[in-house]
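S.K.: Residue numbers (my numbering), protein chains in the order written: chain A, 905 to 1151; chain B, 905 to 1151.
Hints in this document: simulated from the structure, not taken from any laboratory.
Just to be clear, a hint being listed does not mean it is correct.
The list treats identical chains as interchangeable, and a pair is accepted whether it falls inside one copy or across any two copies.
[Stated by the list, open to error] Here are the simulated DSSO-like pairs of lysine-lysine, each with C-alpha atoms no more than 27 Å apart in a straight line:
(1) Lys1005 x Lys1120
(2) Lys930 x Lys1079
(3) Lys1127 x Lys967
(4) Lys1120 x Lys1018
(5) Lys1079 x Lys1018
(6) Lys942 x Lys1127
(7) Lys1018 x Lys942
(8) Lys1127 x Lys1079
(9) Lys1127 x Lys973
Keep in mind the model is a prediction, meaning the values are calculated, not measured.
Number of protein chains: 2
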Amino acid sequence: MSASPRRLLLLSSASVHGCEPFEYAKEEIINFFGSSVKEILFIPYALHDYDAYVSRIRQRFAKIGLDYKIVGIHEGTFATEAVNNAQAVFIGGGNSFRLLKSLYAMDLVPLLQKRVLEDGLPYMGSSAGSNVATISINTTNDMPIVYPPTFQALNLIPININPHYIDTDPNSTHKGETRDERIAEYLEQEPGRLVLALREGAWLRVEGDRATVGGKTGARLFKSLERDQGIVEIAPDADVSYLMEGL
Amino acid sequence: MSASPRRLLLLSSASVHGCEPFEYAKEEIINFFGSSVKEILFIPYALHDYDAYVSRIRQRFAKIGLDYKIVGIHEGTFATEAVNNAQAVFIGGGNSFRLLKSLYAMDLVPLLQKRVLEDGLPYMGSSAGSNVATISINTTNDMPIVYPPTFQALNLIPININPHYIDTDPNSTHKGETRDERIAEYLEQEPGRLVLALREGAWLRVEGDRATVGGKTGARLFKSLERDQGIVEIAPDADVSYLMEGL
Ligand SMILES: [Ca+2]
Ligand SMILES: [Ca+2]
Chain A
905 MSASPRRLLL LSSASVHGCE PFEYAKEEII NFFGSSVKEI LFIPYALHDY DAYVSRIRQR
965 FAKIGLDYKI VGIHEGTFAT EAVNNAQAVF IGGGNSFRLL KSLYAMDLVP LLQKRVLEDG
1025 LPYMGSSAGS NVATISINTT NDMPIVYPPT FQALNLIPIN INPHYIDTDP NSTHKGETRD
1085 ERIAEYLEQE PGRLVLALRE GAWLRVEGDR ATVGGKTGAR LFKSLERDQG IVEIAPDADV
1145 SYLMEGL
Chain B
905 MSASPRRLLL LSSASVHGCE PFEYAKEEII NFFGSSVKEI LFIPYALHDY DAYVSRIRQR
965 FAKIGLDYKI VGIHEGTFAT EAVNNAQAVF IGGGNSFRLL KSLYAMDLVP LLQKRVLEDG
1025 LPYMGSSAGS NVATISINTT NDMPIVYPPT FQALNLIPIN INPHYIDTDP NSTHKGETRD
1085 ERIAEYLEQE PGRLVLALRE GAWLRVEGDR ATVGGKTGAR LFKSLERDQG IVEIAPDADV
1145 SYLMEGL
């Protein structure tokens, strides 16, 4: 089987403490889209107010000199046509349940799979938009505010991502589960899965079968007991192409 | 319509910083179960290892002098029979998705509704066990590690609960949604709903149509724009019977 021409840039978060939104990843975004992409189709389904969301993305991109025409998928007549004609797609963050439910409702799941995996349509995601690019949204941090038809997602890569990963605070007095405990619970249910937890400021970039973790903050890979148990720290710029091999 | 004989004690969490599990609510638990309850049916479905969970509850109750016989629902032959014969039920915390999925799989949802709402079976919940007592698990904090057949829950009370509620930390540098933002997202989707957010150390006690918030830490009531918008601080010992009226 020849490699998929897929191209993905999956950000943990749009914002990182101490700089403008997307600023920390600006060079990577420009490098990822390359010189041929002039227009980006933005999918705002993860937030309630699509128009406000598209405006905000336009402002944020402009503010840091990211010079693309941003088109909201809801601004045209047919969402499927917009995806078919897109030069590149960006799915923004918000709530993963709302986002996934809308992707199914608008009949975009098989189409996005075809466009990315077969046609090589560049796909950028941040937060919820990175979650839905993976095998499922089981490792989202979001509140389940709506019921999607399934937790299975676009399956553009054969792992799960946990965005906004936050290390356990040893001084916390809160008794809710830590992030690590939540991910461990998931692996109890799905021992075959691999969860790549991206700290804010980190991203996963995929080019065909090659994958690297970028940014300055790094990531952690969670594996179940059955897969030589453990949590592996992943340094910035590490090659993680082995994660693309599937299970 | 005559009032339901329902009796509920819904804890935000089993543990509170600085004391043994359940110790902060010990007097309330004793008062709630009264002198006639000797044996409590424990439902451990929210965690992976049922035997370990039941043992832990036995130890924790014994340690603080809560003198009940604890029976795990999985220890007998039929879960439904155990519920039919129970003097009282306690559903412990863990993962709300896993818990709700198992309640449906074991066919316990209509039965628990009948036993609590019609027969007055005392129901104690903590964390996930409090979540499933409400209209739905839409306001859980848990990770969606499994896909339940619906997010609709036991509907023993006509509101949502957010357990382990934590006030926004103004000094946080993390860019994930705050708890308040998550609840606001839910109310965007379901503007008619009321969300009672219980801080750790607080509980909701329901006796028929009367409801009070107990404990020392208080709660916050979240209402959508449509219901004179706002967040109402609820002091310890406040009467919140108006929340039991439904929508
Ligand atoms: Ca989110
Ligand atoms: Ca939990």
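S.K.: Are the hints correct? Go through all of them and say.
M.R.: Going down the list of hints, with the structure as the test:
Taking the shortest alpha-carbon separations for Lys1005 and Lys1120, neither the intra-copy value of 32 Å nor the inter-copy value of 39 Å comes in at or below 27 Å. In the homo-oligomer, the alpha carbons of Lys930 and Lys1079 lie at most 27 Å apart only across protomers (18 Å), although the nearest pairing inside one protomer, at 37 Å, exceeds that limit. Taking the shortest Cα distances, Lys1127 and Lys967 never come within 27 Å of each other, neither inside one copy (40 Å) nor across copies (35 Å). In the homo-oligomer, the alpha carbons of Lys1120 and Lys1018 never lie at most 27 Å apart, since the shortest distance is 32 Å inside one protomer and 55 Å across protomers.
In this assembly of identical chains, the alpha carbons of Lys1079 and Lys1018 never lie at most 27 Å apart, being 43 Å within a copy and 32 Å across copies at closest. Within a single copy, Lys942 and Lys1127 get their C-alpha atoms no closer than 39 Å, and across copies no closer than 43 Å, so neither meets the 27 Å cut-off. Proximity of Lys1018 and Lys942 under a CA criterion of 27 Å is satisfied intra-copy only: 22 Å inside one chain copy versus 61 Å between copies. Taking CA atoms no more than 27 Å apart as the test, Lys1127 paired with Lys1079 passes in both settings, with 24 Å inside one copy and 25 Å between copies.
With identical chains, the CA atoms of Lys1127 and Lys973 are never at most 27 Å apart, being 40 Å at best within one copy and 38 Å at best between copies.
Hint violations for this structure: numbers 1, 3, 4, 5, 6, 9, all remaining hints satisfied.
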